[in-house]
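Visitor: Got chain G; can you put chain U on it based on the hints?
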Amino acid sequence: MAFDELDSTNAALVRMVEQGTGVEEGLLLWAKTQTAGRGRHGRTWVSPPGNVYASILLAAPENKTTAPEIGFLAAVAVVDTIQDLPRHNTAPPVLNCKWPNDVLLEGQKVSGILPEMVTSPDGRSWVVLGIGINLESIPVEGASYPPTALILHHIDTSPEHTLTVLCRAIDFWLNRWRTEGFAVIRAAWLERGPQYGAAVSVGLTDGPVTGTFAGLDADGALLLDSAAGRRRIVAGDVLFGTP
Amino acid sequence: MKKTKAKPAAKAAAKPVAKPGAKPAAKPAAGSIVKVDSSSQLDSKLVRQLAAVLNETGLTEIEYEMGGLRVRVARHAHQVGSFVPGPAPVMAQAAAVEAPKPLDAASHPGTVKSPMVGVGYLLPEPGAAPFIKVGDTVTEGQTLFLIEAMKTFNPVKAPRGGKVTKILIENGSPVEYGEPLVIIE
Chain G
1 MAFDELDSTN AALVRMVEQG TGVEEGLLLW AKTQTAGRGR HGRTWVSPPG NVYASILLAA
61 PENKTTAPEI GFLAAVAVVD TIQDLPRHNT APPVLNCKWP NDVLLEGQKV SGILPEMVTS
121 PDGRSWVVLG IGINLESIPV EGASYPPTAL ILHHIDTSPE HTLTVLCRAI DFWLNRWRTE
181 GFAVIRAAWL ERGPQYGAAV SVGLTDGPVT GTFAGLDADG ALLLDSAAGR RRIVAGDVLF
241 GTP
Chain U
1 MKKTKAKPAA KAAAKPVAKP GAKPAAKPAA GSIVKVDSSS QLDSKLVRQL AAVLNETGLT
61 EIEYEMGGLR VRVARHAHQV GSFVPGPAPV MAQAAAVEAP KPLDAASHPG TVKSPMVGVG
121 YLLPEPGAAP FIKVGDTVTE GQTLFLIEAM KTFNPVKAPR GGKVTKILIE NGSPVEYGEP
181 LVIIE
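Same order as they appear, the protein sequences are chains G and U. Letter by letter, the first sequence follows residues 1 to 243 of this note's numbering. Letter by letter, the second sequence follows residues 1 to 185 of this note's numbering.
Watch out, some of these pointers could steer you wrong.
What the hints assert, rightly or not - Here are the simulated lysine-lysine pairs, DSSO-like style, with alpha carbons at most 30 Å apart:
(1) U:113 - U:133
(2) U:163 - G:64
(3) G:64 - U:113
(4) U:157 - U:113
(5) G:64 - U:157
(6) G:64 - U:166
(7) G:64 - U:133
By construction, these hints were calculated from the structure, which means they are not laboratory data.
Only chain G is shown next, with the shape it has when bound in the complex (with noise of 0.2 Å):
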């Protein structure tokens, strides 16, 4: 379904889950601009015309506390889409994940990801798999991280293409990690990773800690090795590069 203007697409598709309208998976919502566009946890993702806003609709897993194993294959999805966008150069754009599921072009950041868990009033769990990915604008100020624009690399594209090939990677990594689990979505996003031993800083709740990339846990957690030992971290906003 696609809309002008919307106050969120996920703050959208939320309520119409609750709401229980018929609603079923691989239901999309788009629109070309959101007036209150989120991210984590109550931040401001500026939605001007000229990206990609969507939320997705997926059934959630049985087991519900592998939900968030879906933020992973999405932003594998998001780098294998970006790499398939047609280019006016010819040197493939040297693309990221940022734990847990940010896309980075050239170190910037170009996507976020936020999954939200909803229950429909018939007692089916869902997630909204909201997405922005910057193809010509980019926040000027506010941003939590460097960002970039698709445009800045020489990717032209409309939202609407970009879609469609989004659609089919998800697809693609969703029958995947249904059939095969998690390990082979944690081995790709792994791939899109960053290097092992590279310094990695994540602000937590009660204040940043620093150290360096040692992977991720069996369940996607980010693993980080600091001078007090290793550390598994669920949640935090991650830096990679900084000192």
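Guide: Positioned in the frame of chain G, the structure of chain U alone reads:
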């Protein structure tokens, strides 16, 4: 040491062997819970020793009692069997320690437990008013907390209406699967 009892992991025929001189293990990882009865002084060396025993023996849980202080060291069962061997080195298992509490929140009928491992938030976003306060009356289906895991946000809803008598976590604190979050009576 008066009593040591240990539960073997799955079918492992491990014997409980709590060696007093066991080497201290790595610090409990982030996300582990350490709870102690305020009347007792927790011996962190003891906890580390028990954690080391846990790692050595492959057990999932050790309970230790001495002079009225009971310490239970457990590692999360779902992490024990599910670690995928790969380039990442195996982390030190998180240890959880609990002492007996006068009110057993885990078995209280009004307890709402965490549906997942993550970080619990009492506020919808920083600076906002909390979802609930002690003394509030909540209705079934009302959002009580948000649990974040890997940036996936999961609202915890009230399974029934009632009065909030106790909130058991702090904003931004790590929560384990099944950890009591709130009591609604």
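Visitor: Taking the hints in turn, state whether each one holds.
Guide: Each hint, compared with the structure:
1. U:113 - U:133: 17 Å, holds
2. U:163 - G:64: 27 Å, holds
3. G:64 - U:113: 14 Å, holds
4. U:157 - U:113: Between residue 157 of chain U and residue 113 of chain U the Cα gap is close to 10 Å, so the pair holds against 30 Å.
5. G:64 - U:157: 14 Å, holds
6. G:64 - U:166: 26 Å, holds
7. G:64 - U:133: 27 Å, holds
Checked against the numbered hints given earlier, this structure breaks none of them.
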